[in-house]
Amino acid sequence: MRRTRKRRRRIASPILAGLLLCAVAAFSLPGLNRVPIRTVAIHGELHHVTQEELEALIVPFTSWGWLRLPADRLSLRLEELNWVATARVRREWPLDVSITITERRPVARWGLDALLDESGEAFDPGGPINRTLPLLEGPEGTEKVMLDRYRAFSARLGARSLALDELNLDPRGAWRLGLRDGPQLRLGAESIDLRLERALVALDELAGEQGVEIAYLDLRYPNGFAVAWRNVNTAARRQGGRSP
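Residue numbers for the sequence shown follow our numbering, beginning at 2 and rising by one.
Please note that the accuracy of each hint is not assured.
To be verified - Result set (DMTMM-like, lysine to aspartate or glutamate): computed pairs, CA atoms no more than 25 angstroms apart in a straight line:
#1 Lys145 / Glu80
#2 Lys145 / Glu167
#3 Lys145 / Asp114
#4 Lys145 / Asp125
#5 Lys145 / Glu119
#6 Lys145 / Glu122
#7 Lys145 / Glu93
#8 Lys145 / Glu206
#9 Lys145 / Asp171
#10 Lys145 / Glu214
#11 Lys145 / Asp118
#12 Lys145 / Glu81
#13 Lys145 / Asp194
#14 Lys145 / Asp166
Claimed, not checked - Just the calculated beta-carbon pair ranges, DEER-fashion:
#15 Ala208 / Glu46: 36 to 46 angstroms
#16 Pro37 / Thr101: 48 to 58 angstroms
#17 Asp171 / Glu93: 43 to 53 angstroms
#18 Trp94 / Leu134: 40 to 50 angstroms
#19 Pro140 / Gly225: 21 to 31 angstroms
#20 His49 / Glu93: 36 to 46 angstroms
#21 Asp73 / Leu113: 28 to 38 angstroms
#22 Glu80 / Val202: 19 to 29 angstroms
#23 Ala57 / Arg91: 18 to 28 angstroms
#24 Arg132 / Pro71: 37 to 47 angstroms
#25 Arg91 / Leu113: 17 to 27 angstroms
#26 Asn224 / Arg106: 26 to 36 angstroms
#27 Pro71 / Glu119: 21 to 31 angstroms
Just so you know, the hints here were simulated from the structure itself, not pulled from any lab data.
In this text, a Cβ means the ideal position worked out from N, Cα and C, and glycines have one as well.
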């Protein structure tokens, strides 16, 4: 009885090995490598990426066939499109290809002709820019830092029912905020959070002024601030201020 089982095992092993070799050989045949792709399905909510752009990139890759399709290379090519944040390409049985595309979501303008997406990456929209988005301007490489600062400033201003429309960082590290329908806040490069709090207190103090509109508040003074009026040619300086 035991000898019979051993003999069956010895016979089964060569048969299994032969089947595996046949399978490997079948999948390596040139004909199978050229099996055409049946359908390409594109998924995702697309507002800016056009069908023409996608077809121009995808169609040449279909000539590789289903088995040999370089999915990673196609993903990278799709992500070179201005508005594509991520592209995932995968084969689906029997002979289909599924492509999932996530578009960039712009949250701010970056300089004159670029946009920032949610992750703080700048990109060229390749067309008209939505001018209702907040404007961020700063040295190259500061995109993520500025977006983080914009979000922090906006949260503090929003608690006072104020909205931030512009944020500028100059090469010296000085910050300037532009409020929607309001003045500029010139905070400088030091004690930014403390100076912003002083600016909010100053805006409350000046809210009762009649017949004048504030152009900017300059908070770059150790013990005070300067205020410039839009309809007055001179700036009034609060007590305790010194030249910044």
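Review point. Hey, Lys145 versus Glu206, does the alpha-carbon distance stay inside 25 angstroms?
Key: violated (34 angstroms)
Practice item. Measure nothing beyond the straight line between the CA atoms of Lys145 and Glu81; if it is 25 angstroms or shorter, mark the hint as holding. Key: Holds: Lys145 and Glu81 sit about 20 angstroms apart, inside 25 angstroms.
Review point. Okay, Asp73 versus Leu113 on CB: inside 28 to 38 angstroms?
Key: holds (35 angstroms)
Check your understanding: That 48 to 58 angstroms hint for Pro37 and Thr101 (C-beta), does it hold up?
Key -> Given about 22 angstroms between the Cβ atoms, the range is violated.
Point to revise | Ala57 paired with Arg91, Cβ distance criterion 18 to 28 angstroms | key: holds (21 angstroms)
Practice item. Given the hint of 17 to 27 angstroms, check if Arg91 and Leu113 actually sit that far apart at their C-beta atoms. Key: violated (39 angstroms)
Review point. Keeping to a limit of 25 angstroms between CA atoms, is the pair of Lys145 and Glu119 held or broken?
Key: Roughly 9 angstroms between the alpha carbons, so the hint for Lys145 and Glu119 holds.
**Study point:** Status of the given 36 to 46 angstroms range, CB of Glu46 versus CB of Ala208
**Key:** holds (43 angstroms)
Review point. Quick one: are Pro71 and Glu119 within 21 to 31 angstroms, going by C-beta?
Key: holds (29 angstroms)
Review point. Between Lys145 and Asp171, is the straight-line Cα distance small enough, at 25 angstroms or below?
Key: holds (15 angstroms)
Practice item. Could you check the hint for me, namely that His49 and Glu93 are 36 to 46 angstroms apart, CB to CB? Key: Given a distance of about 26 angstroms, which is not inside 36 to 46 angstroms, the answer is violated.
Check your understanding: Given the hinted pair Lys145 and Asp166, is their alpha-carbon gap at most 25 angstroms?
Key -> holds (17 angstroms)
When held up to the earlier numbered hints, the structure conflicts with 7, 8, 10, 16, 20, 22, 25, 26 and fits the remainder.
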